[in-house]
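**Student:** As given, the protein sequences belong to chains A and B, one line each in that order. Residues in the first sequence are numbered from 0 upward in steps of one, following numbering that gives the first Met the number 0. Residues in the second sequence are numbered from 0 upward in steps of one, following numbering that gives the first Met the number 0.
It is possible that part of the hints are untrue.
As the list claims (entries may be wrong) - Covered, in the sense of this in silico footprint (three residues per stretch, anywhere, with C-beta under 8 Å from a C-beta of chain B), are these stretches of chain A:
#, region
1, 134-147
2, 296-304
3, 371-384
Claimed, not checked - Some chain B residues well away from chain A (every beta-carbon gap over 10 Å; in silico):
#, residue
4, A5
5, H12
6, K13
7, F21
8, E22
9, E27
10, K70
11, V90
12, D97
13, A128
14, L165
15, D194
16, S195
17, L207
If you are wondering where the hints come from, they were derived from the structure by calculation, not from laboratory data. The beta-carbon is built from N, C-alpha and C at its ideal position, and this holds for glycine as well.
In case you want the letters, here they are:
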Amino acid sequence: MNLIKVSWKNIQHKPLNTGLSLLLLAFGVGIISLLLLVEVQLKNQFDRNIKNIDMVLGAKGSPLQLILSSVYQVDAPTGNINYSEAQRIAKSPFVEKSIPLAYGDNFKSYRIVGTTHDYVDHYDAKLESGSLWSGEFEATIGSKVATAEGLEVGDTFYSAHGLEDTTDVHKDKAFTVVGIFESSGTVVDQLVLTGMESIWGVHESHDHEAGAEHDHQHEEDREITAMFLKVRNKMALFSIPKQLEDSKIQTVLPSVEINRLNEGFGIGMGTLRVIAIAIMVLSFVSVFISLYNSLRERKYELALMRSMGGTRSTLFRLILQEGLLLAILGFVIGIVLSRIGLLILSHYMAENFHYSLNQIGMVSGEFWMLLITIFVGVLASLLPAYRAMKIDIAKTLSNE
Amino acid sequence: MLSCKALTFSYDHKNTLQFPDFECKEGEHMLLLGASGSGKTTLLHLLAGLLKPSGGKIEIAGTSLGELSQKKLDKFRGQKVGIVYQTAHFVKSLSVIDNLLMPQFLTGKPTQPQKAQELLDRLQIGNKAHRKPSDLSVGEQQRVAIARALINDPEVILADEPTSALDDQNAKEVLHLLEDQANAANATLVIVTHDSRLKGHFEKRIEL
Numbered sequence: 000m001n002l003i004k005v006s007w008k009n010i011q012h013k014p015l016n017t018g019l020s021l022l023l024l025a026f027g028v029g030i031i032s033l034l035l036l037v038e039v040q041l042k043n044q045f046d047r048n049i050k051n052i053d054m055v056l057g058a059k060g061s062p063l064q065l066i067l068s069s070v071y072q073v074d075a076p077t078g079n080i081n082y083s084e085a086q087r088i089a090k091s092p093f094v095e096k097s098i099p100l101a102y103g104d105n106f107k108s109y110r111i112v113g114t115t116h117d118y119v120d121h122y123d124a125k126l127e128s129g130s131l132w133s134g135e136f137e138a139t140i141g142s143k144v145a146t147a148e149g150l151e152v153g154d155t156f157y158s159a160h161g162l163e164d165t166t167d168v169h170k171d172k173a174f175t176v177v178g179i180f181e182s183s184g185t186v187v188d189q190l191v192l193t194g195m196e197s198i199w200g201v202h203e204s205h206d207h208e209a210g211a212e213h214d215h216q217h218e219e220d221r222e223i224t225a226m227f228l229k230v231r232n233k234m235a236l237f238s239i240p241k242q243l244e245d246s247k248i249q250t251v252l253p254s255v256e257i258n259r260l261n262e263g264f265g266i267g268m269g270t271l272r273v274i275a276i277a278i279m280v281l282s283f284v285s286v287f288i289s290l291y292n293s294l295r296e297r298k299y300e301l302a303l304m305r306s307m308g309g310t311r312s313t314l315f316r317l318i319l320q321e322g323l324l325l326a327i328l329g330f331v332i333g334i335v336l337s338r339i340g341l342l343i344l345s346h347y348m349a350e351n352f353h354y355s356l357n358q359i360g361m362v363s364g365e366f367w368m369l370l371i372t373i374f375v376g377v378l379a380s381l382l383p384a385y386r387a388m389k390i391d392i393a394k395t396l397s398n399e
Numbered sequence: 000m001l002s003c004k005a006l007t008f009s010y011d012h013k014n015t016l017q018f019p020d021f022e023c024k025e026g027e028h029m030l031l032l033g034a035s036g037s038g039k040t041t042l043l044h045l046l047a048g049l050l051k052p053s054g055g056k057i058e059i060a061g062t063s064l065g066e067l068s069q070k071k072l073d074k075f076r077g078q079k080v081g082i083v084y085q086t087a088h089f090v091k092s093l094s095v096i097d098n099l100l101m102p103q104f105l106t107g108k109p110t111q112p113q114k115a116q117e118l119l120d121r122l123q124i125g126n127k128a129h130r131k132p133s134d135l136s137v138g139e140q141q142r143v144a145i146a147r148a149l150i151n152d153p154e155v156i157l158a159d160e161p162t163s164a165l166d167d168q169n170a171k172e173v174l175h176l177l178e179d180q181a182n183a184a185n186a187t188l189v190i191v192t193h194d195s196r197l198k199g200h201f202e203k204r205i206e207l
């Protein structure tokens, strides 16, 4: 027998009161911890994908849309830009590195992106098997694409026009899988990467099929969808837009757009956080009332414990422990709930955005949550515990 | 073993209760008789150290209660004094046997489940050990309360109206139990009551 056991039995003795307190605590903790998890992981995803991209070139339109479509592969592209014009900027001395992207086709709604091997280096993507693409219509695919569609090195597939629609298939030119990437937690997981020539190739033949009479596209007519730039010094961020003033190309700073996006998210997250804090306050009240009420019922029992050799501090600890046990139990249930919520959310995100949230370990904010929950438990039981300590035993034992 | 001298108690500094001096030897049984309102329960609480007297001195097993700090008094009471109340009360969430172990646990002794079980067997309620006290009949509950008063091998057993809520048959049984168990433990037994049915049983009686 120990005091924890007595506290534990007392909590079990009132399943309804205990249940209500636990439910409120668990929901408060669960919502806050889910928010923390989502926030941390979205921020990680955002930051990881945006790393080392100072500027993005793309067709004029919504700057945020350009960033979402080119960096995160979640929105439709704003249009195409002239490759040679973009190359002119890329070759300027201010630019340290440039990565062209040509996309607009899909395989089973996984995007096919024509690019250079620099794109692979940029995301630090490692090969799990096979090699990077070299010839036309060779593709290296992300881990998610490979597992979801059961593709292996040597398999072939057809691309379809558009980013989502899988009906308009380019039946004449098949892609061959030459390599598969390891899972890296970046957009590469969800992409089919190939050379830009392959993208252009698909559409050249497409034009022939449609009966167009013109020759193969000339080098200078070739188009890409976007281009990532890493600059040598920050001055370039001002000079490049000036050079492109009269063209159809816009320049966007991804960090600025992502900050705007984060602010938008922040409002929603903030509202949820307020709700969660309100639930935590309610759970505090619930724990308090439940302990305080049980105190009235157990007054005789507590006086009895004193008469059998229990000291004031024994009773104080007994009640305090009951509050603590409730708090810790509520915290654990809340953490479990938040993981279940995250898995559901992750499933939804993966289906709709090809994004996954899969980190279910504890995040640092949750250790603070544990401290706060314990604080709530202690605070709610402090007054009842004090009252238990101050019970007048003789009076209580003689007035049954 | 147990003695009190010039014991007085006042609730509000106006009405002061005065108690007769008495003394009890080791293993002696004594009845304190008094009508309602005569301060019987107050005296019992004073003897148990649950109340502080406004004057006089109580000594149990050579220790003067007035000289102990609150914490030491709580422990002392738990170790040396077993109390049986008019109605049995328990820690409701715990089983009968865990309730029996409470006094050992609360006084910091190692718990002896086997001893508790033997006590219950001796009082013929051994089969109820793992039930909740509320599942037991009133008579059975009173027996558990007696067992609980005995678990720490107290030197003094104080009983507050242990029979007044019981019918003749049960009252007789409980009284025998108390006497037998006190004899077995060689403990001093003090029963405080207004129940005149007990009068004839005791040689040593004090009327309040």
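**Student:** Is the nearest Cβ of chain A still more than 10 Å from the Cβ of S195 of chain B?
**Tutor:** 21 Å, holds
**Student:** Against chain A, does E22 of chain B keep a CB gap of more than 10 Å to every residue?
**Tutor:** 23 Å, holds
**Student:** Run the C-beta distances from L207 of chain B to all of chain A and say if the shortest one exceeds 10 Å.
**Tutor:** 15 Å, holds
**Student:** Against chain A, does A5 of chain B keep a CB gap of more than 10 Å to every residue?
**Tutor:** 20 Å, holds
**Student:** Could you check that no beta carbon of chain A comes within 10 Å of the beta carbon of D97 of chain B?
**Tutor:** 6 Å, violated
**Student:** Run the C-beta distances from D194 of chain B to all of chain A and say if the shortest one exceeds 10 Å.
**Tutor:** 17 Å, holds
**Student:** How does the region 296-304 of chain A fare against chain B when you require at least three residues with a CB closer than 8 Å, holds or violated?
**Tutor:** Result for this restraint: holds, n = 5.
**Student:** At 10 Å, judged by beta carbons, does A128 of chain B keep clear of chain A as stated?
**Tutor:** 14 Å, holds
**Student:** With 10 Å as the threshold, tell me whether E27 of chain B passes as away from chain A on beta-carbon distances.
**Tutor:** 23 Å, holds
**Student:** For K70 of chain B, is the shortest beta carbon distance to chain A beyond 10 Å?
**Tutor:** Since the minimum Cβ distance to chain A is about 5 Å, K70 of chain B lies within 10 Å and the statement is violated.
**Student:** Taking the closest pair, is the beta carbon of H12 of chain B still more than 10 Å from chain A?
**Tutor:** 17 Å, holds
**Student:** Count the residues of the region 371-384 of chain A whose Cβ falls closer than 8 Å to any Cβ of chain B, and tell me whether that reaches three.
**Tutor:** violated (count 0)
Hint compliance for this structure: hints 1, 3, 10, 11 and 12 are broken, all remaining hints hold.
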